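Asker: One letter stands for each residue in the lines below.
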Amino acid sequence: MPGDGQMALFEPPRPDGRSPETAISVRALNHGTQRLLEEHVPDVWVRGEVANWRTSSRGHRYFTLRDDAAQVDCVLFAGDAWRLPADPDDGTEVAVFGRPKLYEARGRFQVVVRRLEAAGEGLWRLAFERLRRVLEAEGLLEPSRKRPLPRFPRRVAVVTSRDGAALHDVLTVLRRRSPWIDILVCDCRVQGEGAAIEIRRALTTVGRLERIDAVILTRGGGSTEDLWCFNEEVTVRAVAACPVPVVCAIGHEVDVTLAELVADRRAPTPSVAAELVAPDVAALRERLDGASLALARGLRRSVARGRERLDRHARELPRGVRVALARGRERVGRHARGLPRGVRSALGRARGRLGSVSGRLDALSPLATLARGYSVATDLEGALLASVERFEPGSPFLLRVRDGSVDAITERTMRGDP
Amino acid sequence: MSGSSELDFERTLEELEEIARALDRDDLGLDEAIALFERGISRLRAANEWLETASGRVEEIIASASGRPETRALEESEDGETGDSGRG
Chain A
129 MPGDGQMALF EPPRPDGRSP ETAISVRALN HGTQRLLEEH VPDVWVRGEV
179 ANWRTSSRGH RYFTLRDDAA QVDCVLFAGD AWRLPADPDD GTEVAVFGRP
229 KLYEARGRFQ VVVRRLEAAG EGLWRLAFER LRRVLEAEGL LEPSRKRPLP
279 RFPRRVAVVT SRDGAALHDV LTVLRRRSPW IDILVCDCRV QGEGAAIEIR
329 RALTTVGRLE RIDAVILTRG GGSTEDLWCF NEEVTVRAVA ACPVPVVCAI
379 GHEVDVTLAE LVADRRAPTP SVAAELVAPD VAALRERLDG ASLALARGLR
429 RSVARGRERL DRHARELPRG VRVALARGRE RVGRHARGLP RGVRSALGRA
479 RGRLGSVSGR LDALSPLATL ARGYSVATDL EGALLASVER FEPGSPFLLR
529 VRDGSVDAIT ERTMRGDP
Chain B
5 MSGSSELDFE RTLEELEEIA RALDRDDLGL DEAIALFERG ISRLRAANEW
55 LETASGRVEE IIASASGRPE TRALEESEDG ETGDSGRG
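For the protein sequence lines, the chains are A and B, in the order given. My numbering applies: residue 129 is where the first sequence begins, and numbers increase by one. My numbering applies: residue 5 is where the second sequence begins, and numbers increase by one.
FYI, nobody ran anything at the bench for these hints, they're computed from the structure. These numbers were taken from a predicted model, which means no experiment stands behind them. Ideal Cβ placement from N, Cα and C applies to all residues, glycine included. Keep in mind that the hints are not guaranteed to be accurate.
What the hints assert, rightly or not - Stretches of chain A that chain B covers, calculated by requiring three or more beta carbons in the stretch to come under 8 Å of a beta carbon on chain B: (1) 276-290; (2) 311-318; (3) 402-416; (4) 517-523.
Next up, chain A with everything else stripped away, as it sits in the complex (with noise of 0.2 Å):
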């Protein structure tokens, strides 16, 4: 210091605290106690039982931690407070990490925690079975409650961290079963502090928005206290309250949530959550196919059905059932056109089974003699006359020519050659 050396000439000598002339203040004392330590206590983990564990109004913890023969006093800040997933009993074991510290104002030596652990994870499953029986009291957990998933969503919204991996996992699934899903990402964080405060305005932003068929809520693997804002009540309640159906898959298969049980849904991973909102496109180029082969089925069957009715009818009306084929074929082939493949080849094989069958009645029919130039003579209800037994001589005929009929008389008989 550039000034003390000109300065000590004027100054009192500074007091040693070895006699009542040289005491030191207590300021000093305190001070100089703290840079020691300081200086030479390093931050270190302390184990005992927990006693008069009290909050302040700003969130900072007070307590005592003890053990049979010693205690000190220990205050968690609430900065770091917030980790801390349930305020522990009294008489709990617990591990703390800290500095130790005078607070010189009061002279007084205590821990300044910035962690707290139960043994094992104690205060973990405290905090998540005392808001588990909340939940449950108030009905939460009911089976009753859960809404069906869609089945075929068009919008679905994603709640998670815009870097996660998770978020990169949903999309690829959602885009490769249903690419027509319109898919929005609302970002929050999915750990640490605030971190549950984000997730709700998430939930209550996708709340708001039109025609969101689903939403997934997700995040991957982590640590106890990387998940942990998914067991806090803030998360829970705005998953309870999300006005459509919530799919939740946090961390691995192990890890449960309160916010996965409040779900509408609860998946292992986030793959599967998307798995279980997007139908697969495959199944449904499947169910495709198929009513395409049912319906090439139903028309052969009908097809096959008609083509009976009319050879049953040919036997008995020749000339309306060529008519009739002919129709049935123009129309057969007018619809083959705008048939896919298999069905047209069916159609086909249809078609020849129509043409052998008119081809038949050509044979049989009276008609293709009648157009070579012979006639045919019938009475009048046009049965026919093939012997001169049937004429009566004065008695009128009809006689069939290629292109009408003739009305006729029979003037006489005669057996014989004509």
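On the provided structure of chain A, position chain B as indicated by the hints.
Answerer: For chain B alone, kept in the frame of chain A given last:
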């Protein structure tokens, strides 16, 4: 979604399957059968076309000052492929 996105695919598919079932009935006349078949084919075409062309958008929601959520196209970050990042 874009293109023929207005089609109600699910309903079209159900109609198509109903038509296929109706076409399977034994007491069906040829005229009815052909009419059903034609309707079925038109549904089939529409559904196929929709399935081949419909493609969804990927957007992210951005909070706006008005409180009304707005959206913009999502640019996927590369971090997404590198496993769990700090933000999980």
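Asker: Compare the structure with the hints numbered earlier in the document and write down the numbers of the violated ones, lowest to highest.
Answerer: Going through the list in order, the structure violates hint 4 alone and respects the others.
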